[in-house]
Every structure is written in C-alpha cells, then in structure tokens.
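These protein sequence lines are chains A and B, in that order. Throughout the first sequence, residue numbering follows my numbering, covering 14 to 174 in sequence. Throughout the second sequence, residue numbering follows my numbering, covering 2 to 116 in sequence.
Just so you know, the hints here were simulated from the structure itself, not pulled from any lab data. Where a beta carbon is used, it is the ideal one built from N, C-alpha and C, also for glycine. Please note: incorrect hints may appear among the correct ones.
Claimed, not checked - Label-pair restraints from in silico Cβ distances:
| no. | chain 1 | residue 1 | chain 2 | residue 2 | range |
| --- | --- | --- | --- | --- | --- |
| 1 | A | Ser41 | B | Ser46 | 40 to 50 Å |
| 2 | A | Val118 | B | Glu13 | 24 to 34 Å |
| 3 | A | Pro90 | B | Asp7 | 43 to 53 Å |
| 4 | A | Ala111 | B | Glu96 | 14 to 24 Å |
| 5 | A | Arg16 | B | Arg15 | 56 to 66 Å |
| 6 | B | Asp7 | A | Gly122 | 20 to 30 Å |
| 7 | B | Asn6 | A | Arg22 | 19 to 29 Å |
| 8 | B | Asp109 | A | Ala108 | 42 to 52 Å |
| 9 | A | Gln136 | B | Ser112 | 38 to 48 Å |
| 10 | B | Ala48 | A | Glu116 | 20 to 30 Å |
| 11 | A | Arg16 | B | Ser55 | 42 to 52 Å |
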Amino acid sequence: MTRLPPAIRIEILSRADLLAPVRAMLTSFAERSGFDEVETGHLALAVDEALANVIRHGYDSRPDGRIWLSAFLIEEPERRIRIEIEDEGHQTEPAKIASRDLEEVRPGGLGVHIMQEVTDTCQFERRTPGGMRLILEKTPRGAKEDHSDQNHAGTPENGHQ
Amino acid sequence: MTSGNDMEIQVENRDGSVLVTPIGEVDLARSPSLRSRLAQVLGDSPARLVVDLSQVPYMDSSGVATLVEALQQSRARNCSLFLAGLQDRVRSVFEIARLDTVFTITPDVNSALEA
Chain A
14 MTRLPPAIRI
24 EILSRADLLA
34 PVRAMLTSFA
44 ERSGFDEVET
54 GHLALAVDEA
64 LANVIRHGYD
74 SRPDGRIWLS
84 AFLIEEPERR
94 IRIEIEDEGH
104 QTEPAKIASR
114 DLEEVRPGGL
124 GVHIMQEVTD
134 TCQFERRTPG
144 GMRLILEKTP
154 RGAKEDHSDQ
164 NHAGTPENGH
174 Q
Chain B
2 MTSGNDMEIQ
12 VENRDGSVLV
22 TPIGEVDLAR
32 SPSLRSRLAQ
42 VLGDSPARLV
52 VDLSQVPYMD
62 SSGVATLVEA
72 LQQSRARNCS
82 LFLAGLQDRV
92 RSVFEIARLD
102 TVFTITPDVN
112 SALEA
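This is chain A alone, in the form it adopts within the complex (with noise of 0.2 Å):
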C-alpha cells in the first residue's frame, strides 16, 4: 500500500504550554478539510488529550522529551483525518491502555475513554526502537452519512461519534 506523506508534520517537546498552539493548528486544517464545528472540536480535544497523556505518562511531566505529530489528510475510501502521535517516552503494553469505569467518579483517568468517543479510530502501538505511537483517525459526518445531516451538526447531543 501506497503510503501518502503527511500533510502536516511537526516536532515539539513535551511542555504542556504548548497544547494550545497545537490546538489551534489542528483545528484550522480540520475546518479547512470540511470538518464541521463539533467535529473539528472533538478532534482537537482528543490531540490535547493524547499530548497530555504523553506529557504527564510517557514523560512523567518532565519538559524535554520529544513528540512528533503527524496529520494525513485521506480521500479514499472516503474523507477522514489520520494523526499518529509518537514519542521516546515509557513503552506500555497497548492491550493495558483502557478506559477506566465511569461509574466511579473520581478525579483522572478519563483521556482514554474522550480520545475513543470522539474519534473512529484510537490505536496504540510501541515504537521500535523505543517509545509509542498512537494513531487517532476521525471521518467527517459529511463524508459517511448524507449531506442533509450537516444541518444539524453544532449541538453537543449529536456530535458523539
């Protein structure tokens, strides 16, 4: 299989101050690639999520580890965005990263389970030589339902994928 380079691939160290700009970025090229605004919203939250959870985990909150992010703009077999996140931090084993019981309230460990509920994919993998890599892919409603649905993104209750 053809592998289509990255539209967008950038380098940044493991501060948590720089989530926003990251946001901020993702979120041009999402409404740019006729993301709606619920949809654009999501996919910036799971980024954010996922860069923190490299920050705080991978890195245990020290500041200069290195993340790449890499953002793939997919036509075929139908529209989506493809990000894989990879970093030189902790390995964790991909079958232990888990959503914990949302019967519990209590404060932390709910980044997992936003990343899976706002995007169509949410895929963890080691890196060799070291490190992981995490591949979040999201399609716009747009491109799997019919158009006339786009009336009716904006609201929160319909934006859960």
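Following the hints, complete the assembly by docking chain B onto the known chain A.
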C-alpha cells in the same frame, strides 16, 4: 496581567455564596492554577460554591478532573457546588465523561445562586 499558564480567576462573595469565575481555556497547563484557587476557596468552607464557566470556551479532562476534585472536597465540607453557564463545547466534555448528571449544572449564575 496573567502569564500564559496562569488563568485569570475572579472570586467574589455574593449573598453568602462564593462565585469563582475562571476566564479562558482550561487545559493541562492551566488546570493547576484553577485547582489551587478552588482548594483555597473551599478551605474557608463556604455553604455554596458556584463556578461560573461561561467564559471558558474549552476544557480538557485535566479541567474536568479539577472540578471532580473540587466536588469531592465540597461534599466533605457540606458545601453545595454548582457549575453554571457551560458553553456547548465544555458541556459536551462532561457528557462524554458521563459527569453531566454527577454535577449540579445550571444555565447561569443567578439560577445557581437562587437554587
């Protein structure tokens, strides 16, 4: 003037209640300042704490976790905690985390103060 990672957070007393108004996005960089401000306010054991989120256009799970922590602290102190004026995007995060029914959420600050 606040730096990039410090949130502007207004605190005022209103009719025996404490109103906390964070202004701006709440993410991993900024949630610590909201956490410490809420802990400080709750340390005085107010009868009612209203967090006005009408000026928060974005919140991630670190912000949600901060408010869950405040909820637990408020319950331990017999303080009623209200979240008021959530923008759609922020409310959506609470719904995804299934916390929209755990918190008492009101449309605006006055509704919370009169509840």
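Hint by hint, which ones does this structure get wrong, listed from lowest number up? none
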